Each structure stands twice: as C-alpha cells, then as structure tokens.
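According to the UniProt record's numbering, the residues represented by the sequence shown are 1 to 299, in order.
None of these hints come from the bench; they were simulated from the model.
On a predicted model such as this, the values are computed, not experimentally measured, just so you know.
Among these hints, one or two may not hold up.
[What the hints assert, rightly or not] Cβ-Cβ distance ranges computed for the label pairs, FRET-style: (1) 65 to 172: 15 to 25 Å; (2) 146 to 74: 39 to 49 Å; (3) 172 to 103: 45 to 55 Å; (4) 252 to 65: 46 to 56 Å; (5) 44 to 247: 11 to 21 Å; (6) 65 to 128: 36 to 46 Å; (7) 42 to 145: 48 to 58 Å; (8) 252 to 147: 46 to 56 Å; (9) 267 to 129: 51 to 61 Å; (10) 163 to 267: 32 to 42 Å; (11) 31 to 103: 37 to 47 Å; (12) 252 to 62: 55 to 65 Å.
[Unchecked claim] Using 30 Å as the maximum straight-line C-alpha spacing, the simulated DSBU-like pairs for lysine-lysine come out as follows: (13) 93 to 62; (14) 93 to 175; (15) 137 to 198; (16) 259 to 228; (17) 154 to 175; (18) 154 to 62; (19) 183 to 129; (20) 99 to 62; (21) 93 to 129; (22) 198 to 267; (23) 198 to 183; (24) 198 to 129; (25) 175 to 129; (26) 183 to 62; (27) 93 to 183.
No residue lacks a Cβ here, since even glycine has one placed at the ideal position from N, Cα and C.
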Amino acid sequence: MGKRRNNAFDHQLTKSKLRQTRKKEVRNWLDLPREIMILIFMKLGQVDIILIAQNVCSSWRKLANEPQLYRTITVQYQDFLRYFDFKPLSSGKFAMLFKEAFRRSCGQLVGISCETLLDQDLLNYVVGKPNSLKTLKIGMDVCISVVGFILIVKRLPLLEELDLLIGYYTNDLFKVIGLSCQKLRHLRVDYRNTPCSKMECERQAFAIARSMTHLHSLHLIGSKMSNKGLQAILAGCPNLEYLDLRCCFKITLEGDVPKELIGRIRKIEQQVSNLHVLMTFTCRPAQASNDQVLRQSER
Numbered sequence: 001m002g003k004r005r006n007n008a009f010d011h012q013l014t015k016s017k018l019r020q021t022r023k024k025e026v027r028n029w030l031d032l033p034r035e036i037m038i039l040i041f042m043k044l045g046q047v048d049i050i051l052i053a054q055n056v057c058s059s060w061r062k063l064a065n066e067p068q069l070y071r072t073i074t075v076q077y078q079d080f081l082r083y084f085d086f087k088p089l090s091s092g093k094f095a096m097l098f099k100e101a102f103r104r105s106c107g108q109l110v111g112i113s114c115e116t117l118l119d120q121d122l123l124n125y126v127v128g129k130p131n132s133l134k135t136l137k138i139g140m141d142v143c144i145s146v147v148g149f150i151l152i153v154k155r156l157p158l159l160e161e162l163d164l165l166i167g168y169y170t171n172d173l174f175k176v177i178g179l180s181c182q183k184l185r186h187l188r189v190d191y192r193n194t195p196c197s198k199m200e201c202e203r204q205a206f207a208i209a210r211s212m213t214h215l216h217s218l219h220l221i222g223s224k225m226s227n228k229g230l231q232a233i234l235a236g237c238p239n240l241e242y243l244d245l246r247c248c249f250k251i252t253l254e255g256d257v258p259k260e261l262i263g264r265i266r267k268i269e270q271q272v273s274n275l276h277v278l279m280t281f282t283c284r285p286a287q288a289s290n291d292q293v294l295r296q297s298e299r
C-alpha cells in the first residue's frame, strides 16, 4: 500500500512539475525587448499594424506609432484581397489608412510600394508635404494618369528608384523623370499589356538615353524598341551595369550593337522566344565615342 501511495504521489508531483515547466516556457510577448518588437512589427507591414496589431493592448498601440515602422509604406495585392476587396467604401478606407501611415512617419517616409488602390490624390497628398521619398513602386491597379504622374514626379527630386506599371507611357514622361529626378539610379518599366507602338518605344528609349545618364540599372520589360533604341541607351548611360530586356523581341544582341557598348554591361537579361537566356559580362573596355554612337543611332 505504501509503495502505491508513493507512486501516486510521485506521479502527481511529476505532473505538477510539468505544468510549472510549461508555464515557464510560454512566451509573454509583452516582456520582449522593444527592439525585438519593432522588428516583429516591421515583418507585419503597415496594413496589419494599423488594422490589427495596435488593437491588442495599450503597449502595442504605443509601439504602433513609432515613425521607423512607416519609413516605407507597402501595400501588396494580398492586403487588398484580405481587407478591401469588393467591400463598400474600400477606397475611402484605404485612403484613411494610407494618410494615417504617412502621418505616423513624421517626415521619415523614404519609400512607397503599392500594387493597388493608390491613386493620384494620395500621391499628391504625399508630395504636397515635405518628403524625402527615394523609392516609388507603382502597380498596374494604381489609378493615375500620365499627365498626373508628370506633375507628381516633378516634386520628387530625391528619387533614386522608380518602378512603373501604369499602363501607358509617353516620351514627355521620361523626359520629365530624367530632368526632375537627377539622383535616379534604378528605373523599371513594364510595357507588357500597354498600347505603346514600336515608334513610341523607340522615342522613349532615346528620351531615357538623353535625360537619365546616371542610371545604374534599367528594366524595359516588353519594350518594342529595336537595336537602334538599345544603342542609344548603351551610349547615353555610361554607368549602366544591369539591363533587363525580357520580352523585348525586336532586339538582337548579335546584330549591329557595338560590342564595346555591350561589353561594358555586367549583366544583361534577355528572353528569346520561350527560352530564358541570362548573359553575364564582366569586362569593361574603354568607352569609345559614346556621343558619336548616340548620334548615329538617331539617324
């Protein structure tokens, strides 16, 4: 009998210790260091912070107002599906959320990346106040006209990276971007599903070559420009290191493009038919008569 009682007692004691151990193992999120919580909130993104995380407790609400969480405002398409898709007044709700995120940045906003819902009024709201915007990425579902975007980009002198998918582009657009954004180093333009003709793409290539001489990387996905436009870009952008020519089926690198210009680029990405070919160049020969090549390309 004594042994049975001892076994039962030991069993209860073991269960009690297990419960205590489990309680100790449970992480109290409120006890985490502030720096760790900031990193966790950064992983969430601004939409989840404002709509969900800040409502958990008072300490999280205070943390949700930290300006460093809003240095880059990012809205992905999955955010649209989760919180705004097919819901009444979704655009108005998003506008309030976007303005609140901008307010919380306290002038520290350096980047905007929106795949949807962003419109011309919200961008005007940003550029109408002091800003240090260096990165702007606009998705295909953003409601903005070319004329409207020209007015906006004129007020972004610190811009270093621009990613455009606005459905239509003009020669004047690229001229204004080049003249207004002298610090621009990275440009990405997606021509797929746009009505731009071969002649328009060619003219736009020359506009880029003339006004964006400091580019380090250039993506012209789906452009209808020919080797003539490519030569102009290679000659006019001597600092270019990366060139994305995927779906540019009018271009043939084996054609009349001078090898000294091609050899200067470290990496060129080109898609030929259904094959994806990646060519890497590391040689950098002396630059020879870039202005002469550019003039010849224009003829």
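Hint-by-hint comparison with the structure:
1. Distance hint check: the CB atoms of residue 65 and residue 172 are about 41 Å apart, inconsistent with the given range 15 to 25 Å.
2. Between residue 146 and residue 74, the C-beta spacing of about 24 Å breaks the proposed range 39 to 49 Å.
3. For the pair residue 172 and residue 103, the beta carbons lie near 33 Å from each other, so the given range of 45 to 55 Å is not met.
4. For residue 252 and residue 65, the Cβ-Cβ distance of about 55 Å falls inside the hinted range of 46 to 56 Å, so the restraint holds.
5. Under the hint 11 to 21 Å, the C-beta atoms of residue 44 and residue 247, about 35 Å apart, miss the expected range.
6. Separation of residue 65 from residue 128 is about 22 Å and departs from the stated range, judged on CB atoms against 36 to 46 Å.
7. Against the hinted window of 48 to 58 Å, the Cβ-Cβ separation of residue 42 and residue 145 comes to about 33 Å, which falls outside the hint.
8. For residue 252 paired with residue 147, a C-beta distance near 35 Å fails the hint of 46 to 56 Å.
9. Range check, residue 267 to residue 129: about 38 Å between beta-carbon atoms, so the 51 to 61 Å window is missed.
10. In this structure the hint that residue 163 and residue 267 lie 32 to 42 Å apart at CB is violated, the actual value being about 18 Å.
11. Evaluation of the 37 to 47 Å hint for residue 31 and residue 103 yields a failure: the beta carbon distance comes to about 30 Å.
12. Hint check: residue 252 to residue 62, Cβ distance near 60 Å, so the stated range 55 to 65 Å holds.
13. For the hint pairing residue 93 with residue 62, the CA-to-CA distance comes to about 22 Å; that is within 30 Å, so the pair holds.
14. Distance restraint check for residue 93 and residue 175: the Cα-Cα separation of roughly 35 Å exceeds the 30 Å cut-off, and the hinted pair is therefore not satisfied.
15. As the CA atoms of residue 137 and residue 198 are separated by approximately 25 Å, the hinted pair is consistent with the 30 Å bound.
16. Taking the CA atoms of residue 259 and residue 228, the gap is about 14 Å. The hint holds against a cut of 30 Å.
17. Taking the CA atoms of residue 154 and residue 175, the gap is about 11 Å. The hint holds against a cut of 30 Å.
18. For a cut-off of 30 Å, the pair hint linking residue 154 to residue 62 is broken: about 36 Å separates their Cα positions.
19. Restraint check: the Cα-Cα separation between residue 183 and residue 129 comes to about 20 Å, which is no more than 30 Å; the hinted pair holds.
20. For the hint linking residue 99 to residue 62, the alpha-carbon distance of about 18 Å falls within 30 Å, and the restraint holds.
21. Distance restraint check for residue 93 and residue 129: the Cα-Cα separation of roughly 21 Å lies within the 30 Å cut-off, and the hinted pair is therefore satisfied.
22. For the suggested pair residue 198 and residue 267, the alpha carbons sit about 25 Å apart, so the restraint of at most 30 Å is met.
23. Taking the CA atoms of residue 198 and residue 183, the gap is about 28 Å. The hint holds against a cut of 30 Å.
24. Note on residue 198 and residue 129: the hinted pairing is violated, with a Cα-Cα distance of about 38 Å set against a maximum of 30 Å.
25. Between residue 175 and residue 129 the alpha-carbon distance is near 24 Å, which keeps this suggested pair within the 30 Å criterion.
26. Restraint check: the Cα-Cα separation between residue 183 and residue 62 comes to about 36 Å, which exceeds 30 Å; the hinted pair is violated.
27. Restraint check for residue 93 and residue 183: the C-alpha separation of about 34 Å exceeds 30 Å, so the hint is violated.
Figure legend: structure checked against the earlier numbered hints; hints not met, in rising order: 1, 2, 3, 5, 6, 7, 8, 9, 10, 11, 14, 18, 24, 26 and 27.
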